Each structure stands twice: as C-alpha cells, then as structure tokens.
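Taken in sequence, the protein lines are chains H and V.
Position one of the first sequence corresponds to residue 110 (my numbering), numbered consecutively onward.
Position one of the second sequence corresponds to residue 110 (my numbering), numbered consecutively onward.
There could be a bad hint or two in this list.
Pairs involving identical chains hold if they fit within one copy or between any two copies, as the list cannot separate such chains.
Straight-line Cα separation of at most 30 angstroms, DSSO-like style, residue types lysine-lysine; simulated pairs [to be verified]:
id : residue 1 : residue 2
1  : K309      : K170
2  : K276      : K118
3  : K438      : K470
4  : K302      : K118
5  : K515      : K302
6  : K276      : K170
7  : K200      : K118
8  : K118      : K309
9  : K502      : K170
10 : K276      : K309
Please keep in mind that the hints were generated in silico from the structure rather than gathered at the bench.
Given the structure is predicted, the values throughout are model-derived calculations rather than measurements.
Number of protein chains: 2
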Amino acid sequence: MKASVWESKFSSRTERMTSSAIRELLKVAARPEVISFGGGMPAPELFPREEVSAATERVLKNPELANQALQYGTTEGLPALREWIASFMSKDGLEVNPDNVLITSGSQQALDLLGKIFIDENDYIVVENPTYLGALQAWAPYGAEYATVPMDQDGMITDALPHAFAKNPKFIYALSNFQNPTGVSMSLERRQKLVELSTKYQVPIVEDDPYGALCFEAVPTPSLLAIESQYENELKSEPSNVVYLSTFSKILTPGLRLAWVIAPDKVINKMVQAKQGMDLHTTTFAQCVAYEVARTGFLDGHIQKIIECYRRRRDVMLESLEENMPVNKGITWTNPQGGLFLWITMPEHINTTRLLEESLKDNVAFVPGDSFFPLGGGKNTMRLNFSYMPDAKINEGIGRLSQVVKRML
Amino acid sequence: MKASVWESKFSSRTERMTSSAIRELLKVAARPEVISFGGGMPAPELFPREEVSAATERVLKNPELANQALQYGTTEGLPALREWIASFMSKDGLEVNPDNVLITSGSQQALDLLGKIFIDENDYIVVENPTYLGALQAWAPYGAEYATVPMDQDGMITDALPHAFAKNPKFIYALSNFQNPTGVSMSLERRQKLVELSTKYQVPIVEDDPYGALCFEAVPTPSLLAIESQYENELKSEPSNVVYLSTFSKILTPGLRLAWVIAPDKVINKMVQAKQGMDLHTTTFAQCVAYEVARTGFLDGHIQKIIECYRRRRDVMLESLEENMPVNKGITWTNPQGGLFLWITMPEHINTTRLLEESLKDNVAFVPGDSFFPLGGGKNTMRLNFSYMPDAKINEGIGRLSQVVKRML
Numbered sequence: 110m111k112a113s114v115w116e117s118k119f120s121s122r123t124e125r126m127t128s129s130a131i132r133e134l135l136k137v138a139a140r141p142e143v144i145s146f147g148g149g150m151p152a153p154e155l156f157p158r159e160e161v162s163a164a165t166e167r168v169l170k171n172p173e174l175a176n177q178a179l180q181y182g183t184t185e186g187l188p189a190l191r192e193w194i195a196s197f198m199s200k201d202g203l204e205v206n207p208d209n210v211l212i213t214s215g216s217q218q219a220l221d222l223l224g225k226i227f228i229d230e231n232d233y234i235v236v237e238n239p240t241y242l243g244a245l246q247a248w249a250p251y252g253a254e255y256a257t258v259p260m261d262q263d264g265m266i267t268d269a270l271p272h273a274f275a276k277n278p279k280f281i282y283a284l285s286n287f288q289n290p291t292g293v294s295m296s297l298e299r300r301q302k303l304v305e306l307s308t309k310y311q312v313p314i315v316e317d318d319p320y321g322a323l324c325f326e327a328v329p330t331p332s333l334l335a336i337e338s339q340y341e342n343e344l345k346s347e348p349s350n351v352v353y354l355s356t357f358s359k360i361l362t363p364g365l366r367l368a369w370v371i372a373p374d375k376v377i378n379k380m381v382q383a384k385q386g387m388d389l390h391t392t393t394f395a396q397c398v399a400y401e402v403a404r405t406g407f408l409d410g411h412i413q414k415i416i417e418c419y420r421r422r423r424d425v426m427l428e429s430l431e432e433n434m435p436v437n438k439g440i441t442w443t444n445p446q447g448g449l450f451l452w453i454t455m456p457e458h459i460n461t462t463r464l465l466e467e468s469l470k471d472n473v474a475f476v477p478g479d480s481f482f483p484l485g486g487g488k489n490t491m492r493l494n495f496s497y498m499p500d501a502k503i504n505e506g507i508g509r510l511s512q513v514v515k516r517m518l
Numbered sequence: 110m111k112a113s114v115w116e117s118k119f120s121s122r123t124e125r126m127t128s129s130a131i132r133e134l135l136k137v138a139a140r141p142e143v144i145s146f147g148g149g150m151p152a153p154e155l156f157p158r159e160e161v162s163a164a165t166e167r168v169l170k171n172p173e174l175a176n177q178a179l180q181y182g183t184t185e186g187l188p189a190l191r192e193w194i195a196s197f198m199s200k201d202g203l204e205v206n207p208d209n210v211l212i213t214s215g216s217q218q219a220l221d222l223l224g225k226i227f228i229d230e231n232d233y234i235v236v237e238n239p240t241y242l243g244a245l246q247a248w249a250p251y252g253a254e255y256a257t258v259p260m261d262q263d264g265m266i267t268d269a270l271p272h273a274f275a276k277n278p279k280f281i282y283a284l285s286n287f288q289n290p291t292g293v294s295m296s297l298e299r300r301q302k303l304v305e306l307s308t309k310y311q312v313p314i315v316e317d318d319p320y321g322a323l324c325f326e327a328v329p330t331p332s333l334l335a336i337e338s339q340y341e342n343e344l345k346s347e348p349s350n351v352v353y354l355s356t357f358s359k360i361l362t363p364g365l366r367l368a369w370v371i372a373p374d375k376v377i378n379k380m381v382q383a384k385q386g387m388d389l390h391t392t393t394f395a396q397c398v399a400y401e402v403a404r405t406g407f408l409d410g411h412i413q414k415i416i417e418c419y420r421r422r423r424d425v426m427l428e429s430l431e432e433n434m435p436v437n438k439g440i441t442w443t444n445p446q447g448g449l450f451l452w453i454t455m456p457e458h459i460n461t462t463r464l465l466e467e468s469l470k471d472n473v474a475f476v477p478g479d480s481f482f483p484l485g486g487g488k489n490t491m492r493l494n495f496s497y498m499p500d501a502k503i504n505e506g507i508g509r510l511s512q513v514v515k516r517m518l
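In isolation and in its complexed conformation, chain H is listed as follows:
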C-alpha cells in the first residue's frame, strides 16, 4: 500500500502510543496448542451462558425493557444497574449513593477517562512498581510521567510515598487487592497509612479493584474507599479522596465490557462530560442483560464458584512450581490470596523475554515482567495467570516451563 496523505497528519500524541506486548501475545497464545499463562482471561468454563441467555430473553420479551436495551441511553448508565452497584459496594461501613456511580465500557475506559480529565503533559502519577500495564497505556497519550513506589509482600511501601509526593503528583494509582501483575495485596496497616498520607499531603487516590470480589480468604480486607470513608467519617456516604474502579469482567463476563467508577460528584460530572464525547454511553443492551442477571442475586453464588475454581488453580500452580522449579537457585514467587495472577522473580541473569521466546517453542506462554515497570527494570520478572487454564494444563505448563528455566540457568 502506498504512503497516504494521512501519515503526515498524525498528532504528536501518537508518538507516545505503543502496542501492548500482552495484546500481541494473546494472539500467539490463542493457538490451541499453547498453554497460556499470559493474558488475564477468566475461566471460560464458568461463563454463565444459560443465565445470560435467559436474562436476554426476559429483557427482549418485555416491550419496555427491550426499548431500554435497544435504544440510546444516558451517559451515566442504566439507573437500575447503578443502584445495584451502589448496593453491592455498600459494605465495611461504606454507603454508596447511585448518583456517584458511572458505568464505563470496561475499566480501561475509566482509566482513559481519568487520563482525559486529570493528566496534562508531564504531570506525575504515583504508581506501584510494578503496576498495571493497561493504565500506562491509557495514560501514555496524555504524556503522563511516573513516580514509582516499591512493593513488598504487604504491597506498596507507604513510607516511600512522601518522597514520591515531591513530584507534585495528580494522584496515587493503587491496585489494593491481588495486584496486577504481582498478585500481592496491601495489608490493612498499609491501606490505613496510604489513606492517612493521601489526606495529609492532599494527593488523592485512584483505587483500581477488578479482583477484590475474588478473595480466597475468609475475611477480605476493606477497600481504600471504605477505609477513607471511615477515616473522614463526616463524609460517610460521599467518597471524597478516593476514586474507585471495579468491573463485571471478572465476576460475570468480560465480553459485556461493563465496569464502574465510584467518585465524588464533581469528578463524576466531569467524567460524564468527557464520556459523552468519547462514546455517548455504554451499551444499554449489555447493561440491561447484566442487571437482569444481577438483580436475581445470581452473582453471589457464582462468585463463590469462581473463587473455588481459581483457588484450586492457584494451589495447583504453587504445588507445581514447588515440585518442578529448580531449588536453591534464587527463584521466588508470590503467594496470591485472590485474583488471577502470580509473579515470579528469576535470578538477575535470566531475561524473561528470552525465556518467553524459548518457552513458546515448547508452547508455553506468560508475560515478561519488564513492561509493568514504567521507569524500566524487572527484566528478570514474569507474570503468570492461573485462572484461564484447567488444572492438568497448569501442571503440564509449569512442568515444561521449569525445564526451559533449567536449561537457561
């Protein structure tokens, strides 16, 4: 194809955009013979096909609901679904007002919206190191810069925050539960400290929580949103310093592209304005179907089923790593208590992109960790997804991967 006149017209913004290594990898990993620990896909066996089908039929048989599902809707989202979300989120002393809920086309759109309304070129954002690649991709076109905070087994090391605040950041981006990519959760003490420092230094928080409902332990740790609402208890029903994101992708299905933001009035208003220009509104069809599935209470039991499945798969992966990975070679991994991911740190001399090239020859895929580090580094790290592959494949895949590692050590 010949060069087109368009090529001379690209915005300066496009130079900052890059394709996601993960998305490209998903394409390779889609080959049926590949055992994929890449991507972040839910277990397809658990998709509630029948419930979604029955819900769609109920919606479309009812003339009023059908009109709502098929016609244009409001930018804020379906009122009934916003109410359901507000009630789903009201726990740990938190009371969410449906007016503070905005439905987005996946959490990725919420990240783009936040970039649009908060990030000017060269603005700093405080992020965990490593952090979620999708956020870095959403904010790259806006010219974001990053101040990173190191992590340990209790999550973001909050003592390092005041140093990061020297950059006068727009906000702190934190994945409180079973972080993508490491699988690590913030301890309650760290959460409290983070909220305290956020208020003290007046740097607000974006809490991205796609996996919080998928907790393998008996008692989940309260969200930053809930902690903050108690910390500033005069604001009990009105979230203030925290903007909170979550999604139906991991508790129902990603194909609906439904997520939500909880934010203070003035932030929601600006996000609605921005979203009008971005896609008018999120699909009313999917919103009506999701509400029809959710309103029956179906998700409570469904989430338990997902938790049982993912907990078992995590166990299989951990046991397989224990059994197969070479010992005493400085290979370590995290022990996630929920979510979809586990994180391996290899000895310094192992480059995981090289490792991926080798393991793909044996049809095993994972995501090299370096792209999760906004300022570079992490070349010896890797992210493994344990939700997508059935138990036997996890065993087989970790076995093969361990052989490749042994050859490279």
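With the hints as your guide, set chain V onto chain H.
Coordinates of chain V only, in the frame set by chain H:
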C-alpha cells in the same frame, strides 16, 4: 458535598469540555407527555426484538460462539463481523478489505479516536457550517479549531474549500448523506469536486455516513469513499484519502453501540493502538449478536422497512409544516431525501432557544440550531427529527409548534 481535593487536579483539557445541550434535552424530552423532535433516536417500534433475541440464543447455545461472545476479544473487532461489513460496503466499484475495517463503540468513539490520533491543540479541521455537534464535542478536549464551509441545497459549497485550506487543516469532515443537522445531501458533482480538491491540496477527508443506507430515493449517490477509490483507480481496493465512518445504530439498534471505520492500513493501525488504551475492544457480546442477525441477510429487508417508515414520517412532517406554518414570513425548511432530520430556518429575529423554551410549555421539543455552528451564528435555525415520533404525534407536534411560532412572529 464539600469541595474535594480532586477539584484542584483537573487537566487544562477539561476547561474545553461542555455538556451537550442535546443530551440534556433528551432528559426533558423523555417525559412521556413531550412530543420530541429533539434527539436523533430511531423508531423504537421497528427494533427487531425477536431477531436479536433469537440471535442471542443461537450464539449462547453454541459453546464456541458463546466463548467468543463472553470472553475478551481483539481490539480490531470480531473477524466475521469485519468481513460482513467489508462485503456490505463493497459497492459502487468499491472493494473493501476486512483488514481495513475497525469496529468501534459507536461512531462517537470513532470521532474520539480520530481526535486522539490527528488533532493537536490549535489544529484546524474543515467542517460544513452547520456540522454534527457530536464531532465538535469529541474534538473539543483536543483543542481543535474550525475552518467552516457554507452549505446550500447541494451540500458543502466546494468552491469555498481552497480558502479554508489556507489554515493548513488536518482533514475535512463531511457528512455526505442527509447531513446531521440539516438533512441535506451533497450532490454528485460536489462530491467529485471535493475528492478532486482533497487530492490536489493533499487534505484528506473524514466521511461520516450514519444515514447513507436510509435513502428514500431509488438510486443513492455514491459515497466519497467510493468516488475516491475510482478517482485514484490504482488504489481501487485500498481506500486512501478518505476515512469512512458508519454504524449499526440506525439500521439495527443504537443500544448495541456498534459502528465501524474504514481507513488505510496506517490509520487503522494507529486507531487500534489508541483504542487499546481507550477500551481494549468493543463488546464481543454485541458484536456476536449483531453478526448473527446480519449474516442471515435480515438487514436488507429491515432497512427497507425503516426507509418506508421514515419516508412516510418525513412526508407527514413536510405536509404538516406546509399546512400549519405561517406563510410569507420567511420561514424555510429543507426537503431531506433520507435520514432522520429536517432543518428549519426562521426569520432573523426569531431566537430558536427562546422558541424552545416556549414550545416546551406546550410539550414540544426540538434542537435549537446554534450549537451546530462551531464559530457561532444560526440562532434562528432549528433541527427537527422525524424518525422517532409516530405519524399522529408528528402532526400534533408541528401543529402546536406552529402556534408557538405564530405567537412569536
């Protein structure tokens, strides 16, 4: 609610965002007693509820299709749907390659994507005057400036283009068929001239064509995309100077939020990169359902049904205007040969925003025209939608509106 720390953090971009008068109006017009010629909503009676329901059931009963519909998908869109669109678009000597088709979350997202990849602050875009408000909203955050080209009953007056090109614009934005807001189409001669000037001056074209399929005449005029592919016939199968947008919103249902872009490889690639960061991909659920409806050929007959309904409603509106509007007072209106909208120009001293305030008291809504003029003006113009209201309501609404006009003259 107390002022939050967020308020000091908004980007400079947010100052350029405004809420759509139309969206706010839709809220008022949603009251059942209002006869609404506002908005741009399709006739809900024609929504193919049964076909969408049956298609959803077929998709979800088939394990492979269900997985595709409920799981994450590729940013480009469902391959089968892209192929269907390429074949639907291949006419008038045009051959579209599915690789040049990108599925977007409504055409509004395509407009946002174009803003993101092409518009830097203070870049000029050439637009018809008046032009589509949604485009102005999409591009406001990017800091677009506008060079306007006047219109007559044959559409954009192409002789004025060279003058507009003096601003070194990024592209020309043209609504070739049954333009929103005026309902006017470009004549074939003007289309040919536009393509010729675009090539000569190397200013590419964005053709926004949501209504092209809803043509009331026997022989539709070829799109700019088709004309350009013949003009540069060595590029027959590869669109070059034209990026083309269209949508399922007007020929199937808006609630699915499905639209498409046809663009040269390098533009599609950049759009895919940008879309990854914006929403990962458009809902696979809606894409699979739309494909399942479309692949049977159902849309051919369905589009004919829509055309018949809208043609009749346009006739009812035109006849009612003839009958009821005061004569010899300098009130004129367009005679749209397709689409959803008709445009009225009042005498200079009638302010249509004031007129709307009055007509809302009589429960009749429309959209004042001034917001469609990017550089101001048009305070005596108004847009009327004829697709949404049934015949009797159109008659009644135009009758009431005419009474209000008579009082104001």
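Evaluation of the provided hints:
1. In this homomeric assembly, K309 and K170 never come within 30 angstroms of each other (Cα to Cα): the closest approach is 54 angstroms inside a single copy and 55 angstroms across copies.
2. Taking the shortest alpha-carbon separations for K276 and K118, only the inter-copy value of 14 angstroms comes in at or below 30 angstroms, while the best intra-copy value is 34 angstroms.
3. For the homomeric pair K438 and K470, the shortest alpha-carbon distance inside one copy (23 angstroms) is at most 30 angstroms, but the shortest distance between copies (79 angstroms) is not.
4. Proximity of K302 to K118 under the C-alpha cut-off of 30 angstroms is restricted to the inter-copy arrangement: shortest distance 22 angstroms between copies versus 47 angstroms within a copy.
5. With identical chains, the CA atoms of K515 and K302 are never at most 30 angstroms apart, being 41 angstroms at best within one copy and 68 angstroms at best between copies.
6. In this homomeric assembly, K276 and K170 never come within 30 angstroms of each other (Cα to Cα): the closest approach is 56 angstroms inside a single copy and 54 angstroms across copies.
7. Taking the shortest alpha-carbon separations for K200 and K118, only the inter-copy value of 28 angstroms comes in at or below 30 angstroms, while the best intra-copy value is 50 angstroms.
8. In the homo-oligomer, the alpha carbons of K118 and K309 lie at most 30 angstroms apart only across protomers (16 angstroms), although the nearest pairing inside one protomer, at 45 angstroms, exceeds that limit.
9. Taking the shortest Cα distances, K502 and K170 sit within 30 angstroms of each other only across copies (26 angstroms), while inside one copy they are farther apart (41 angstroms).
10. Taking the shortest Cα distances, K276 and K309 sit within 30 angstroms of each other inside one copy (16 angstroms), while across copies they are farther apart (49 angstroms).
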